[in-house]
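What follows is the residue order along each chain.
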Amino acid sequence: MSDLTSAGTGVGGAPVAGDGPTPDAPASKERNASLWADARRQLLRDPTFVISFCYVLLVGSMAAVPKLWTSQDPRACSTDRSRVSPSWEHPFGFDVLGCDYYSHAIYGARPSMVIAVMATTGIVLFGGTLGLLAGYYGGWADTIISRVMDIVLSLPFLLGAIVFLTVIKKQNPWTLTLVLFLLAWPTISRITRGSVISSKDLDYVHAAKAVGARNSRLMFRHIMPNAIAPMLVYATIVLGSFVAAEATLTFLGVGLQPPTQSWGIMISQHQVYFLEDPWLLLFPCGLLVGTVLSFILMGDALRDALDPKFR
Amino acid sequence: MGRYVIRRLLQFIPTVLGTMFLLHYLTSLAIQFSGNPARALFGDRTPPPALLKAITERLGYDDPCLSQRGNPCLGLFADRLQNIFLTFPPDFGINLRQRPVTELVADALPFTLKLLVIAILFEAIVGIAAGVLAGLRSGSFVDYLVKISTVFVISVPIFVLGLVIREFVGVKFGNVLRGQDWIPDLISVGVFTPGFKPDYPFASLVIPGMVLGATSLAVTARLTRTSIMENIRADYVRTAKAKGLATKRVIGVHTLRNSLIPVITFLGVDIGAAMAGAVVTESIFNVPGIGRLVTLAARSGESSVVIGVVTMLVLVVLLANLLVDLLYAVLDPRIRYE
Chain A
833 MSDLTSAGTG
843 VGGAPVAGDG
853 PTPDAPASKE
863 RNASLWADAR
873 RQLLRDPTFV
883 ISFCYVLLVG
893 SMAAVPKLWT
903 SQDPRACSTD
913 RSRVSPSWEH
923 PFGFDVLGCD
933 YYSHAIYGAR
943 PSMVIAVMAT
953 TGIVLFGGTL
963 GLLAGYYGGW
973 ADTIISRVMD
983 IVLSLPFLLG
993 AIVFLTVIKK
1003 QNPWTLTLVL
1013 FLLAWPTISR
1023 ITRGSVISSK
1033 DLDYVHAAKA
1043 VGARNSRLMF
1053 RHIMPNAIAP
1063 MLVYATIVLG
1073 SFVAAEATLT
1083 FLGVGLQPPT
1093 QSWGIMISQH
1103 QVYFLEDPWL
1113 LLFPCGLLVG
1123 TVLSFILMGD
1133 ALRDALDPKF
1143 R
Chain B
192 MGRYVIRRLL
202 QFIPTVLGTM
212 FLLHYLTSLA
222 IQFSGNPARA
232 LFGDRTPPPA
242 LLKAITERLG
252 YDDPCLSQRG
262 NPCLGLFADR
272 LQNIFLTFPP
282 DFGINLRQRP
292 VTELVADALP
302 FTLKLLVIAI
312 LFEAIVGIAA
322 GVLAGLRSGS
332 FVDYLVKIST
342 VFVISVPIFV
352 LGLVIREFVG
362 VKFGNVLRGQ
372 DWIPDLISVG
382 VFTPGFKPDY
392 PFASLVIPGM
402 VLGATSLAVT
412 ARLTRTSIME
422 NIRADYVRTA
432 KAKGLATKRV
442 IGVHTLRNSL
452 IPVITFLGVD
462 IGAAMAGAVV
472 TESIFNVPGI
482 GRLVTLAARS
492 GESSVVIGVV
502 TMLVLVVLLA
512 NLLVDLLYAV
522 LDPRIRYE
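Protein chains in written order, with the numbering used here: chain A, 833 to 1143; chain B, 192 to 529.
If you're looking for bench data, these hints aren't it; they were derived computationally from the structure. Beta carbons are placed, not taken as given, at the ideal position from N, Cα and C, and that holds for glycine. A couple of the hints might just be wrong.
Claimed, not checked - With the C-beta cut set under 8 Å, the calculated list includes, among others, these residues of chain B facing chain A:
# : residue
1 : Leu213
2 : Asn274
3 : Ile309
4 : Ile339
5 : Val342
6 : Val362
7 : Gly365
8 : Val470
9 : Arg490
Said to hold, decoys possible - Derived pair list, reagent style SDA-like, types lysine to any residue, alpha-carbon separation capped at 25 Å:
#  : chain 1 : residue 1 : chain 2 : residue 2
10 : A       : Lys1002   : B       : Lys388
11 : A       : Lys1001   : B       : Thr486
12 : A       : Lys1001   : B       : Phe224
13 : A       : Lys1002   : B       : Ser495
14 : B       : Lys305    : A       : Ile883
15 : B       : Lys363    : A       : Gln1103
16 : B       : Lys363    : A       : Gln1101
17 : A       : Lys1001   : B       : Lys305
18 : B       : Lys363    : A       : Thr880
19 : B       : Lys388    : A       : Cys886
20 : B       : Lys338    : A       : Cys886
21 : B       : Lys338    : A       : Thr880
22 : A       : Lys1002   : B       : Lys338
23 : B       : Lys338    : A       : Leu1125
24 : A       : Lys1001   : B       : Lys388
25 : A       : Lys1002   : B       : Lys305
26 : B       : Lys338    : A       : Gly925
27 : B       : Lys338    : A       : Lys1001
28 : A       : Lys1001   : B       : Lys363
29 : A       : Lys1001   : B       : Arg260
30 : A       : Lys1002   : B       : Lys363
31 : A       : Lys1032   : A       : Thr1019
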């Protein structure tokens, strides 16, 4: 969180030239701590945030280094073990093709997380920039950008994604990321635009302008730090909804395709066996719901911690 | 107010055109890059060139711009707009077997409409009731119950919820009910069914409708809760209490009226979202509605059907948004649009 702390020094209003509170000298000891130091203290005391953060770290480590979690190969299958129930050595049992289900679940974390992280980075950078430009310059730039946002937002998310993926006809993590990115950037743009508009007429911005700050400095140094808190909250929640969206599209048959490992594929392939072997469905569903829930709870906790009105 | 309406209407036109152009450009690109869609009719057989040419012509895929990569095909777009807006009945294209998309949608529409009505009613009634109960007694058991359960419902992807409910409620619980003689068929066979049954067109859509409305129900409940909590401390509510009005009237008339403005806006916008959500619900519960039409067409690669139906739905969504915005201006005179 140290990068957030330094980014937040502008929030207090005083454009400190460089040395914000450093992580090894904790700001929490100060009386007048910055918004971010307060938020960090509150978050670390919040059990829901800590638990969901740990869960996200857990899933993140599954996605980054699956070898850490399992030594089995999810593609070593043998049909005579088809749908064998969970045992001590194979905690999730075997799937319908006789592959180890636990390792499938571990390797399945990667596509969801990679897609969610890439798409979120994309919308934060692209949507944030457009929102900043629209809010700061107003006028024609605002009109054009807002109309484009309206156009994209008028496509309902799932329908838009189905259309894109049907016409692209290539379904891999890259196209899924592209689709999620293309359909989701306007929301974060709107959030940024709103907070830029509300803070661009503040006194300290006028003061900075009066002493001759350039547009770029005004935007990134004085106005943008106000928008970071709502953007961060939204980005956290959207990570969760992207994980869910990837699984949903895969389930509908327009997302990732079977030789890949993914939770959505696990669910859609085994839904017919629910009555005989419910664990085939419950394990991937549990992992998926846990991940989405963690991101949403983290977002909620962040919102409460970053909004001074709730203190 | 009048100026606002006019401005909003003027904004509506470029948005509609822009969205339709986006969809049109996507189809054109798809055809330019992946070839003649009429080939899908023949599977992996090679059709005789004359036959292919005739079919291509009849389906309208013979325009030369469809073979130039990246060409936006403005001529075709103009034709398309003309077909949709200036002909009666509007023409949204045909599928590969030359049935008009409007006909396909007309067959599927009644099921989706029923599903939507059930979903919206369910989320409005239960969501607002739960939100009011939670908002009036913040910090109570009901409040925590509503808060926690809504977070759970929001974070369960709708298809997971649908699958689990289909198997547990539709199949397992339904089987128990179907084993009892004294329960009428309408309930045991109609309502608790794992899929749509043509014999019970309304009853068998109740559970799918509830699944469809579940996520929005949670959002409605949270929105009502915060809105009530904000308004309950307002001066006019205190005044109403002070002049001795019954609590029922203070809550039911004075507070609710103001608190429901954002909720109604959300419900209006949610009609569009629910239509998209119907794609998932209908494929899980096998309802022959618009959503399943889109999914089946997407799976078999019939992009003309997907685009036609989605264009139609987007027009409906845009109209709903327009109406909601206008309604908002009427409901809340505090908001000035100038």
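(message) Tell me the numbers of any earlier hints that the structure contravenes, in ascending order.
(response) 2, 3, 4, 7, 10, 14, 17, 18, 19, 22, 24, 25, 26, 27, 28 and 30
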